[in-house]
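Going down the list, the protein sequences come from chains A and B. Oh and the first sequence: position 84 is 114 in this note's numbering, straight run, nothing missing. Oh and the second sequence: position 199 is 229 in this note's numbering, straight run, nothing missing.
Just to be clear, a hint being listed does not mean it is correct.
Identical chains share a label here; the pair holds if one copy fits it or two copies do between them.
Straight-line C-alpha distance at most 25 Å; calculated SDA-like pairs for lysine to any residue [to be verified]: (1) Lys48 x Met108; (2) Lys194 x Gly56; (3) Lys149 x Ile160; (4) Lys48 x Ala208; (5) Lys194 x Ser82; (6) Lys48 x Arg175; (7) Lys100 x Val248.
Since the hints were made in silico from the structure, they are not lab data.
Protein chains: 2
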Amino acid sequence: MATASPIPHFQEELEQLKTRLLEMGGLAEDRVRAAIRALVDRDDALIDHVLSGDQPINELHIEVDGRCFKLLALHQPMAIDLRAIMSAIKINTDLERVGDLAVNIAEAARRYLRHQPVKELIDIPRMADIAQAMLRDALDSYVRRDTALAEHVLNEDDVLDTLKTDVFRELVEFMVHAPSTIEPGLDLILVSRHLERIGDHATNIAEDVIFMVSARDVRHHAPHS
Amino acid sequence: MATASPIPHFQEELEQLKTRLLEMGGLAEDRVRAAIRALVDRDDALIDHVLSGDQPINELHIEVDGRCFKLLALHQPMAIDLRAIMSAIKINTDLERVGDLAVNIAEAARRYLRHQPVKELIDIPRMADIAQAMLRDALDSYVRRDTALAEHVLNEDDVLDTLKTDVFRELVEFMVHAPSTIEPGLDLILVSRHLERIGDHATNIAEDVIFMVSARDVRHHAPHS
């Protein structure tokens with residue numbers, strides 16, 4: 031009994047995988063926050079910073095995939111451990127896309143800054159706060175295997191959808207009455223869609239967590255829909 | 031030698047998995063085609079058909095995930111076979127999202143039909159044709175493990191991006207000169223973005239195929255970017 035059994039080794043590797051996913055989530059969240067702050071504060075240098083800073087997430091994306099591959103190849107996990115790795119493969123993809131969406135937001139912000147401001151931005155920063163909190167909660171629910179928290183994330187998605195519709199209606203009003211607001215208004219609408227998609231990625235993660243923990247598939251019969 | 035070895039059994043299961051993915055891809059493609067035809071032909075009944083028809087893809091989504099789980103749990107595949115299953119997990123997600131995007135297109139088409147047509151639709155059906163071909167080629171490249179075809183898909187993405195930009199510029203012109211075109215113009219812009227995202231999903235699949243076959247990760251150092 032002096033030699034190490036393979037099981038703790040697997041659990042250790044799995045912990046490291048979780049740490050990497052949390053790190054990736056933190057980076058993705060930071061980038062979304064920076065892109066939105068750049069838009070609100072009309073900060074060109076911060077836009078540059080977001081546009082040129084996707085390498086750390088992309089490197090983690092490749093690393094996490096490699097870790098999942100190794101865990102599957104070397105440890106042949108079963109049951110919840112296998113579902114945890116399958117979830118990690120998907121979560122990794124979701125987080126990488128969130129990083130891309132931060133770039134999309136920064137690109138829209140860059141175009142937006144070429145125009146006079148359409149309006150004071152209130153709902154978009156609120157949408158960003160909600161999307162970031164959803165992402166954080168979704169990842170926490172993965173790490174802690176906390177299905178109640180995952181269910182909470184699913185419910186938050188409706189709030190985001192409502193705000194997106196409000197943003198759309200309000201901006202169309204501006205655009206109809208002042209043609210000079212059409213181009214910048216379009217970019218704000220695109221930003222709100224990007225934020226909605228960040229919420230969708232958080233929702234995907236939360237659904238994976240529920241599946242992972244309970245082996246119950248809520249994806250196409252979600253209680254909230 | 032009379033008993034079956036486990037290896038052909040795995041290969042048989044893997045073939046069935048590929049068949050399911052092709053089936054899912056065919057359904058996703060059909061739904062995108064129908065959504066675009068409904069938009070172009072102003073066909074309300076066809077919109078209803080798309081909006082109410084996502085169950086078959088969603089069922090396949092759950093089935094494919096289950097097949098991947100079983101293949102990993104029962105056969106402990108290695109090397110290219112393991113990469114093929116990891117790719118299938120991701121492709122399954124991509125195809126389910128393409129199905130969702132068909133719904134998004136149908137929703138935009140429904141709103142668009144409440145207005146007079148903004149213009150004759152030429153670039154949007156072209157974008158749809160390209161996106162569908164990319165999806166088909168990406169799945170074929172997976173099934174045949176054909177990296178040349180996968181590289182071709184990556185190159186097609188630029189064509190789609192150019193068309194998206196053309197659509198955007200042309201519609202902004204309409205919107206600036208005729209406020210009545212703002213709302214329907216916005217929906218056409220959203221449709222072009224949804225089609226661009228379908229191309230992105232095809233690109234993701236093609237990148238996975240290159241990784242699967244060559245164990246070479248092109249995702250963040252793609253030659254086309």
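**Study point:** Identical-chain pair category, Lys48 with Met108, by Cα at 25 Å
**Key:** Classified as both; 18 Å inside a copy, 23 Å across copies.
Exercise for review: Classify it for me, Lys194 with Gly56: is the Cα-Cα distance of at most 25 Å met within a copy, between copies, both or neither?
Suggested key: For Lys194 and Gly56, the Cα distance is within 25 Å only inside one copy (24 Å; across copies 32 Å).
Practice item. With 25 Å as the alpha-carbon cut-off, assign the pair Lys48 and Ala208 to within, between, both or neither. Key: Cα proximity of Lys48 and Ala208: none, with 49 Å in one copy and 53 Å across.
Check your understanding: How do Lys194 and Ser82 come out at 25 Å by Cα distance, when the copy is not named: within, between, both, or neither?
Key -> Answer is between: at 23 Å across copies they meet the 25 Å cutoff, but 28 Å inside does not.
Exercise for review: Please work out whether the CA atoms of Lys48 and Arg175 approach to 25 Å or closer within one copy, between two copies, in both situations, or in neither?
Suggested key: within (11 Å within a copy, 31 Å between copies)
Exercise for review: Indicate which option fits the pair Lys149, Ile160 if close means a Cα-Cα distance not exceeding 25 Å: within, between, both or neither.
Suggested key: within (21 Å within a copy, 38 Å between copies)
Point to revise | Homomeric proximity label, Lys100 with Val248: Cα distance no greater than 25 Å | key: between (28 Å within a copy, 19 Å between copies)
Consistency with the previously given hints fails for number 4 only.
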